[in-house]
Amino acid sequence: MIETDVLVIGGGVAGLLAAAKAADEGVEVVIVDRGSGASYQSSGVIDVMGCLPEGEITLSPLEGVTQTIECLPQHPYSVISSERSVADVIKEATKCLLDMASTHEVRFDGNIEKNVILLNTIGSFKITCFYQSTMSGGTLNKLDGASLLVVGFNGLAGFNPRFCASGFKHFASKFNVELRKADGVKLSLPALRDFNLTFIELARMIDKDEFREILAKKLRDETVKGNTSHIALPTLGLRKHYESMRILREETEAEVFELVSPPPSVPAQRLMRALEEGVAEKGVRILRGYKAVGFKSEGRRVMSVILDSGGKHFPAKAGAYILATGKFIGGGLVEEEDKVKEAVFNLPLYDERGKALRGQKIPRLLARSPFPQGGHPLMGCGVKVNAQMKPVVEGEVVYENLFVAGSLISGYSYVREKSGMGVATATGYVAGISAAIYVG
Amino acid sequence: MEEYDVIVIGGGSTGTSVARDCAMRGFKTILFERGDLASGATGACAGMISGGTKYVLQEPEFSAMCTMEVINLSRIAGHIVFRTPIITAILTEEELKLRASFAEKYGALTEKRQASPILVLSPQEARSLEPKLSSKIILAAYFDEMFIDPFRLTVLTALSAKRHGAEIRTYTEVIDILHKDGEVYGVKVRDRLNGKEEEVKGKIIVNATGAWVPEISRMVGVKQTLRLNKGTHVIFDRRITRFGIICQALDGRTVYLFPHETGSILGTTAIDIFTSPDEAEATYDEVEYLISSMEMAVPSVRKARVVRVMCGVRPLIAQWWVPEGDVTRNFKVIDHEERDGVKGLVSVEGGKLVVCRAMAEKITDLVCEKLGREAPCRTHLEPLPGADGKISVEELASKYRVSPQVAGRLASRQGTLAHAILSEARDERDFLSSVCLCESVTEAELRYVIRNEWGVTLDALRRRTRMGMGPCQGFSCGFKAMSVLAEERGIKVDEAFKELENFLAERWKGHFVILRGAQLSEYEMTQAAYACVGSIDVKIGGGDK
Amino acid sequence: MGKKEIDHISRILAEEKIVVFSPYEDEIYSEIEKCQNCSLCLAFCPVFEVTDKFYPGPRGIADELSRDVREFWRASNIVYMCTLCGQCQEKCPVNAPIPEVVVLLRSKIFVQRPDLVPEELKTLLENVSKYGYIFEPMSNEERGESLKGRLEMIGLPLTKDPPLEKGSKIAYFPGCQAETRLLDVKEAGKLVLEAFNVNYGIPEGWKCCGLPIRLIGDSAMADELQRGFFEKIKELGVREVVTTCAGCASELRAAAKHLGSGIHVRHLIEFLFEEVGVDVISRKACNGGNVKVALHEPCHLGRHVGRYVVAYAERILKALPNVNYAGMKGADECCGAGGLLKFHDPTVSAAIRSRKLDVISKSGAGLVVAPCPLCTVNISEGVARRKLSVGIDDFTVFLAKRIYSKEV
Ligand SMILES: Cc1cc2nc3c(=O)[nH]c(=O)nc-3n(C[C@H](O)[C@H](O)[C@H](O)COP(=O)(O)OP(=O)(O)OC[C@H]3O[C@@H](n4cnc5c(N)ncnc54)[C@H](O)[C@@H]3O)c2cc1C
Ligand SMILES: Cc1cc2nc3c(=O)[nH]c(=O)nc-3n(C[C@H](O)[C@H](O)[C@H](O)COP(=O)(O)OP(=O)(O)OC[C@H]3O[C@@H](n4cnc5c(N)ncnc54)[C@H](O)[C@@H]3O)c2cc1C
Ligand code: SF4
Ligand code: SF4
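Line by line, the protein sequences are chains A, B and C.
Following this note's numbering from start to finish, the first sequence increments by one per residue and tops out at 440.
Following this note's numbering from start to finish, the second sequence increments by one per residue and tops out at 545.
Following this note's numbering from start to finish, the third sequence increments by one per residue and tops out at 408.
It should be emphasised that the hints constitute simulated quantities derived from the structure, not laboratory data.
Just to be clear, a hint being listed does not mean it is correct.
Said to hold, decoys possible - Derived lysine-lysine pairs resembling PhoX-like cross-links, with alpha carbons at most 25 Å apart:
{"hint": "1", "chain 1": "A", "residue 1": "Lys114", "chain 2": "B", "residue 2": "Lys539"}
{"hint": "2", "chain 1": "A", "residue 1": "Lys208", "chain 2": "C", "residue 2": "Lys329"}
{"hint": "3", "chain 1": "C", "residue 1": "Lys91", "chain 2": "B", "residue 2": "Lys303"}
From a predicted model like this one, the values you see are computed outputs, not experimental measurements.
With the sequences and hints as input, model every part of the structure.
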């Protein structure tokens, strides 16, 4: 029923980037997605490389990349650099992503030369490379000497501004940044649910003019009271975040910024929506509710992918296929008899160091502590690819017209490295080009 | 230095019951628990409080005591006692013969006793009651058993003890027993949260440390042997079956799958251990043994969502040359003055959760005798906190304007204490936000147990409220609870994050042994949330800006 | 087991509030336990967006309310608010079947605490018992007049209902809405089937498909009705059902499966696409003037039956001569009528519809077609109230017009 040049399976960041790039190259692209994956759960900022292999933080992403691929020759960053400099590929790929986002109202700041420290809604920090410009006012380097007010809301569950304020002071000092003051306050606004308020509801409220006005007034009172220079909010809105930021800044004369948060993250939803609109604008069709459940092949060619919709199966035929189904959240990797399995093509799996998994049971791939220094081997498992992102087994390409992108790829653990979206973007980009070249 | 009449070591079901009884009989009492209340075998047990059909024949007297205790517990802690209907699924002819002769003997007894009857079901009847049963069963039997929530029982017992004047010190480890001339006169303890040590004097020391009894006795040079036997449980998200299921294990023992609260509990193994009980761990093999066994009767158990495995060590009386199941479940109160010539030291071996009150009664009788006081035991008469009345969920919900779900879950845990908890949120509606969504635990409840129930660590909050007992195992509520705990107890930020790490590490122990199906997605989510967003694993280097 | 034993067990079950699930229910229930508590669904739930203060959204249902299997009644103020649009499930990382669980919870509440079932819905249930349909039918006179008027207006002939007989291939199932309210849909359905020479009949004495009954919570009655319907057509040797309603299609299809009836149920669109083919359809449906058409994708078709059906609809529309197909961003968003919300909380339902109307006005289409009479009525009402200048047609009626219109 579906016939196209390139079929992308999975609409996370990797799939979207691959689709965008392939469409840019002038081929027809269709994305199928069964639901959502890690991209929607992320905090909506683009990590490139935040930590060195020993777990130490690095403020230079590219330096981090260089050191990492020295240790891990199977790292996707290493694999994509066989023909060109990895820095160039990452730069081009992230530019492609950021351009698409910014034409749909999600603008980013930051550059590939430098990592920044952002503050989060837990009360600690996050290291990243590109961040939404609603967060710019709050990168740690700008907070030296600041008098920070962390603003919470009565009723908002899972965000404790007072604790966060003391957390920020504590962690800032570890980076030699002295916050002159950090206070937390909970605003009582009758328009809000008085308990179990969620971030998404708050964001929608801030989008509304009337509410924003009330909020601005309250914030102004608070800033005057506390002689505040910076204001941290858990969210600045879902659709009108720039407007809100501008108005609140004008009103309070303070640097107003947004914190990053664990799921559910409003900035991530913004980003994903922008990217989805971006690829659609490039003529890519996104088909929701279709799950790839199998495939037909002849020799080393994939002939079609079987899609399930409402229990009915349809073949989808394409010249090239891009598999961007993610890891466990996405559903690219699943468990069968306590072992990991690639869900659609049953591709052979490898670990972080490039060694084939030989039926190890999952507990064997886990460390005994939840956040070990070297990470869990399980998070480094996935499909092994060559420089075109074709899956390989023992150096041989498995299918000529199949390309893999994103966190399904082995050789790295984004959890340990803080490199998730960066790798998804770069590998998606390369897979998109490779697939377009293959069919074109 | 103050002197206590009684020092109780161990804050499991036994120790807290002893403290309660002693306090109720007017003794100046202090209890030391090195971890949290119910952090030993008590917290790892299935909570079944009937005598167990098996023991009706093997140990009729003990069994009668259990029956009596079920009545007592229902009287004093009715809100945490519940009945579970159970189906025994019979899979083979041999098993049928065994069970039939058992049922016959058992049946003959039920006439005389208050035990629940066993009813024989055809496979069709059994499957119509419990559709998840395998079509391969050849016969089934129905009976029912009573259960209790072991965490709440222990905490409420401690609360009651406190109300009668006892002091309860959790996270305080007894590191030595002070003794002179064959007489004990106190203990040396270390506060595990701040490292401080002190000495506390007392006339009688009750060693109620379960599997650790020999370790305490060794402090005064007394050799005491128990048969330490490890048992493992697998905890599932949600109720897999509506009925409890019992069936034969792969090795001919018996395994069970009980619905419990919002989950299911599958158990158990029985492995004699010869290392310290501290080292006991649930293993993959045990999990596989349990699941493969239960799978015969309930095939879907293999696909069900495992959220945790846990193990405990049974402090059995040292009987050997028989399988674990045939060891007596009765207990022995030991007067070490009589046995070893150590005056003032009393310990207890064996026993079960169900008889904790009875064990305490015996021990306290001995304490009375030793301290020369006559006071009757009243622990079976006075209700535990929260059990002093009925509560209407609908009224509770409308009075405090919370959802019936929150009100209901709260009432099932806290009974009438629910009023006190929700009224804390009268002026701070904010406190009604749920911290743990899976178990509908509000911030108000957390604050209440921090203030009133020795909720000093996240782990302690979990035991009291079930926060973090759901499928995420505390990974999605841990950081929220941490900020509440830090605020309430004035904990500094770095210590708070350390506490969070400890909590997650503790949870992880029961997690990583087996990660299946949907748990893998949850695993990636929480790994990334804490590491990518929370940077919990990040080493902060040189400090250049 | 004798009576005494049964009584004993029943008493214990009642005391402990233990509700036994059917294997089908168990299957649904074991899917919901996959919920990761990530809250993503909240951003996609229309009810959560438009209600304030008490609706906890799909996450609340998946993670919290469905957890305590003994006390389902506690979810009663929540589960009747869900439109069953399935938008949460489709975006959920584990595709947790929230709509199905909502139906499951409603059925348990219906048994456990009938007093908590909203009154408005009970009235609908009474209609089914009285008339066999969810709405009170018009009197014969009224009906005849209304029908004549409608058909004249749209230029379609009035035909007799062909009864389903031995030898018929297809049982045409019009559904309550088309039988009692949007009468032209049923007529159009017949005309379309005739145009393609389909050997069909309308089963005598057919009643409500069971969906609203199930939504109210009476799953026993729904099962009985459906079983009866399937048995009846099977007696005539008929194995296939075609319907023009999205709700009937999804419900009968699911029922056919879980009752193991072996009946193949399809929406007319699916049937035409698969059995007739786009080419033949476009050759027949070649009349009528130029029009810019957008498609409303009913939740019950796109998300409950499967996205492929709306893809079929799109393919058909694109192929029709003189039809300029306009892709509509938000075509798949709920119109607010689902889950019986419209009857039980019209305000919230209308607020959701209002979002849909925004989508429609932005689309620039002159006509929106909806392959479901319920959505059609609901959206038309909104369009009339807001005085939008866009036309709304049921898909089947639209197709019939394209086939029979005199205009070329
Ligand atoms: C909590 C969390 C926070 C994070 N924070 C950050 C952050 O702040 N910055 C950062 O850079 N990275 C972050 N990451 C990492 C980052 O989100 C991921 O590495 C990245 O999004 C992976 O993208 P992907 O496209 O490869 O996979 P996914 O986003 O998982 O996408 C896979 C897609 O494939 C679809 N799919 C799977 N199987 C099928 C099938 N059979 N048929 C059809 N479709 C299918 C899924 O529905 C899904 O939409 C975070 C991750 C998590 C979990
Ligand atoms: C798998 C399993 C299933 C079971 N199922 C059931 C059942 O269904 N029904 C039933 O009735 N019984 C059951 N039991 C038995 C029951 O759990 C135990 O018999 C009972 O809980 C023992 O309680 P306790 O207080 O004596 O020991 P524990 O609960 O182990 O308490 C001893 C406490 O002493 C503390 N302690 C140790 N050393 C020190 C020190 N130096 N200083 C301070 N404190 C110290 C420990 O931290 C511990 O909390 C089961 C046991 C197991 C292992
Ligand atoms: S239902 Fe799905 S989207 Fe909603 S919280 Fe659960 S896992 Fe997340
Ligand atoms: S089915 Fe629709 S209305 Fe119901 S919870 Fe899901 S998104 Fe909300």
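For the pair we were handed, Lys208 (chain A) and Lys329 (chain C), check the Cα-Cα distance against 25 Å.
Holds, at about 22 Å.
Pairwise hint evaluation, Lys539 (chain B) against Lys114 (chain A), where the allowed Cα distance is 25 Å at most:
holds, 18 Å
Pair hint Lys91 (chain C) and Lys303 (chain B), alpha-carbon separation not exceeding 25 Å:
Given that 25 Å is the threshold and the Cα spacing comes to 23 Å, the pair holds.
The structure meets every hint from the earlier list without exception.
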